[in-house]
Amino acid sequence: MNILSIIIFLPIITAVILFFVRIHVNTIKIIYMIVTSIIALLTLKLYINFEQISSMQFEEIHRWISEYGINYHIGVDGVSLGIVMMNAILMPLVAIALYKQRDKRGYWINLLFVQGGIMGVALSLDLMLFYLFWEIMLLPIFLMIGFFGYGNKNFITMKFNIYTIFGSLMMLISILYIAVQYKIQFDVYTFELDKLQNLILTPTQSILVFSGFMIAFAIKIPIFPFHTWLSDTYRSAPTGAVIVMSALMAKLGAYAIWRVLFTLLDETSHEVAHYFIAVGLFGLIYFGISAMRQTHLKRMFALSSASHLSLVVVGFFIYDVYGLIGSSYLIVAHAISSAALFLMAGMLYERSKTYDIASLGGIATVAPRFSLFFAFFALSIVGVPMTAGFVAEVLIVLGAFNYNIYIGFLTATTILIAMLFMFKMISQVLYGKASKATENFEDLRMHELIALIPLALLVLAMGIFPNYFIKNIEPTAVSYTVGKKVFHHD
Amino acid sequence: MTNTFIALAVPALLLLSAIFILLFGFSSYYSKNRGYYITLVTLFITFCISVNGVGDIHSAEVFPHIFNAMVVYDTFSATFISLFLLGGFLSLAIAKSFIDKTNFFVPESFVLFLFSLFGMVVLTMANELLTAFIALEIASMAVYVLVGLNRESLKASEAFFKYLLLGSFSASFYLLGMMLIYAQVKSTNLNVIAEYILNNDLNSQLLIVAGSMLIMITIMFKIAAVPFGAWVLDVYEGASLPITAYMAAVFKISVFAFIIRMFLTNNDFVQLVFDPLIILGAVITMIGGSLLAVIQSSVKKMLAASSVVHSGYMMIALASIEDIDSSASSAIIFYLFSYFISAIGAFGVLSYISKGTDKLISFDDLNGLGKNSPIIAVSLTIFMLSLAGFPSTIGFIGKFYIFTSAIESGYTPLALFGAITAFISIYYYFKVIVHLYFKESTDVKVQYGYKVSLAFIMISAFIVLWGGVGTSLIFNIPGINALNELSKYAIQSLVF
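So the protein lines, in turn, are chains A and B. The working numbering applies: residue 1 is where the first sequence begins, and numbers increase by one. The working numbering applies: residue 491 is where the second sequence begins, and numbers increase by one.
Only chain A is shown next, with the shape it has when bound in the complex:
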């Protein structure tokens, strides 16, 4: 069995077995830790053995539904490597940080399951397989919000679920449509990404197919008009689910734009790119302003992460080597920082029993270590130099200037909006007078430190030695821009 298959199915199979076995929750936590650590080690091995080339590596292919040419086809390249690494690193650390608070079996089983699902989406190279995992990873989140969420959780989890599945079904029709077109042109069914590339579609067809895919991805990310599920869902979801959603699942939406749309509908993507750059820039500002107005900490983080994901979308659609690398880098950087921030928001709630920004304050005086980390991760999201976010944003801005000087200027200035809401939040939450809620604020405990320090180190490492990480993405990014037709937008 290939290493990638183990990465995908070990968590899923463990989750299924754990569901049927009646054992104490502490044992389940231990098993969770063992499995996620194995996955982390395996991905580390994957990272070390990864060669800096643009083609797929560690491929595995088996027939699945032969009549329709559907294969179990997985592989990893520079783009998916980042998400796989993030998933593998975050999962055990999340568990370390949360292990005392969560005493429900379902919480851990679902987290395991979703890890496998996300790995599956990131690694699959067959569209049906991709769709399968894309839907499957939704289920644990649906269950987690319903089981452990806050507020009007049943309604919110249904809304989230229905919203997302609507997108998925549109994507399904697009997938089927291109497969049938392929059958018409080449007389055989296939759902393989690399074969479907050869398909020739008329402009109308490709726009329709593009929109089908894009609806699914736009809802998942979310891009501007499709964000209405976002803030409620993040507010009522439990910490573990929020981290998975913001740090990993939302990124998968952005990743899928590259993996699916740029591969299959390269030209169409170029043609519509300026719309998405516009929507992305607008979303960046819109979500930024919305974030500023929030009084609920988690909602604020939700909108802030939406704002940054819009930036990722801009970076992708700029279609420049710098843009692609920058966006992929931002995906990883933002995943770490936002996971850490949501984790700390959960700790904050556990100690102060409130998410209301106005009733917090003065934490810096009582809990210096907490404040240090909190401020550090918040700043890394803003993109302060020496952090990973800085490298990513610089690259995206560079790409934007390459695309068009006005877009470059706009991107460079609108990024600054993150500073507004982040600094405002930091000043309100950490500084000022200690309020009733934060008087007895306990500083970070040992296990929380253990979870946060690796993340902080990673953010620093990615900020100081970007080359070491970028060299893995670069060949793929180059193959998507230089290797293909060069477009000029002046």
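Worth flagging that the hints you see were computed from the coordinates, not collected in a lab. Possibly wrong hints are sitting among the right ones.
To be verified - For lysine-lysine, the following DSSO-like pairs were computed, each having C-alpha atoms within a straight-line distance of at most 27 Å:
hint	chain 1	residue 1	chain 2	residue 2
1	A	Lys29	B	Lys929
2	A	Lys353	B	Lys845
3	A	Lys29	B	Lys861
4	A	Lys159	B	Lys921
5	B	Lys978	B	Lys591
6	B	Lys845	B	Lys929
7	B	Lys861	B	Lys845
8	B	Lys861	A	Lys104
9	B	Lys591	A	Lys100
10	A	Lys183	A	Lys195
11	A	Lys159	B	Lys845
12	A	Lys104	B	Lys929
13	B	Lys591	A	Lys104
14	A	Lys183	B	Lys845
15	A	Lys100	B	Lys978
16	A	Lys159	B	Lys941
Predicted model only: the values in this text are computed from it and were never measured.
Got chain A; can you put chain B on it based on the hints?
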């Protein structure tokens, strides 16, 4: 085992054991339980016999001299017969605890059960309109009575009466249509009709067009397509749960089996005359069924309404059949199987947790089931996911085939519409999951019926999952590929 033997043995065994129970059912020795077990064993044996006819492509008229080519036994009928017998077996086996806890199942109920299966078996083998009618009526009559089994329940009596009246009324359309066709073709044999249609100008075939329209009305009635399916909610509601499961999953399939045979033998004609009508029918059936399903407050009625939606999906596939080789025809068989197994499971879970009471299971009755009996809750969840077409279940593969075949035949908007309907169905199917897991119940843990019923529910759930992800690569168990192959064989045997 020769095919002729299978073709004779299956109906004969069903009849014999029905007559046996009928004769000896009143003796004190043959209680309800014995009738149940005799039926179960008969179904099991006949199933074992009939699956022998599934693996390869064959087609032959059964004793053409005696039956005058009225019945034909081919892979197509073999596949469907095996499905019915499996369906009958599963719905009875799952209903074990329900049957034990109620007092309205008497030995005769099982006789009716066997008779209805006999009718369906003959219906799928029928190659002629009159035989098909008789077989359909044998099956229908038995099902009418099964619906009204619970004489103490007003609802059941109402359902029985309604179904009987409307069913007989709709059957008369069939007779009239058949008469018109006979008037022109001078035969009721499907092959002869097909040949006549092929060799004559369409403008001279008004009687055939009118006649087949009338036949379509009966068929649309039987599969509960909107506007002819007004009976479905009341009847499914009134019938006791195992019977509802049987009707929704097995009886409907038999009608579909006959439609497919009729359509594929007269394919060009159907395409020309009926395709627009079927498309229209599919669209309004899906809209109507979805609207009905969304507003229901009882799970049983929701499942009943959603079975209308599933008829709509199958009508998409019917419209997409272009010729015998088009993937739509095998897609519909796969979909029938996927719906059949999911619906039997879903209704089976309901009958299992209803503990023999006749109450409608409302959504609130499911509250807390996830905590109290996780295995049942998981099975029900799997069935719901499958009915909703969620990936990794057999229901998804079924929808995948249907939508693909629709797009292949150029009906992309229809596939899109199907996807939107599937999207609406997410609401009512996931509502069940929400109630199962996220709502607290005040009830304490209850002990539900027999482990046997539970075992069969779990087996069905496993089949649903395996049909969604299964591959013969793992453990060498035949998966999706094998099922697809079987439906291909069944279709190809029609032109063998």
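How the hints compare with the structure:
1. A/Lys29 x B/Lys929: holds (25 Å)
2. A/Lys353 x B/Lys845: Violated. A/Lys353 to B/Lys845 sits at ~44 Å, over the 27 Å cutoff.
3. A/Lys29 x B/Lys861: holds (20 Å)
4. A/Lys159 x B/Lys921: Roughly 11 Å separates the two Cα atoms, so the pair holds.
5. B/Lys978 x B/Lys591: Distance ~42 Å between B/Lys978 and B/Lys591 Cα, so the pair is violated.
6. B/Lys845 x B/Lys929: Holds, at about 21 Å.
7. B/Lys861 x B/Lys845: OK: B/Lys861 and B/Lys845 at ~18 Å, within 27 Å.
8. B/Lys861 x A/Lys104: holds (12 Å)
9. B/Lys591 x A/Lys100: Not satisfied, since the Cα-Cα distance of roughly 47 Å exceeds 27 Å.
10. A/Lys183 x A/Lys195: holds (11 Å)
11. A/Lys159 x B/Lys845: violated (33 Å)
12. A/Lys104 x B/Lys929: holds (16 Å)
13. B/Lys591 x A/Lys104: Distance of about 36 Å is beyond 27 Å: violated.
14. A/Lys183 x B/Lys845: Not satisfied, since the Cα-Cα distance of roughly 51 Å exceeds 27 Å.
15. A/Lys100 x B/Lys978: Roughly 55 Å between the alpha carbons, so the hint for A/Lys100 and B/Lys978 is violated.
16. A/Lys159 x B/Lys941: Violated - the C-alpha atoms of B/Lys941 and A/Lys159 are around 37 Å apart, more than 27 Å.
The structure is inconsistent with the numbered hints 2, 5, 9, 11, 13, 14, 15, 16, although it conforms to all the rest.
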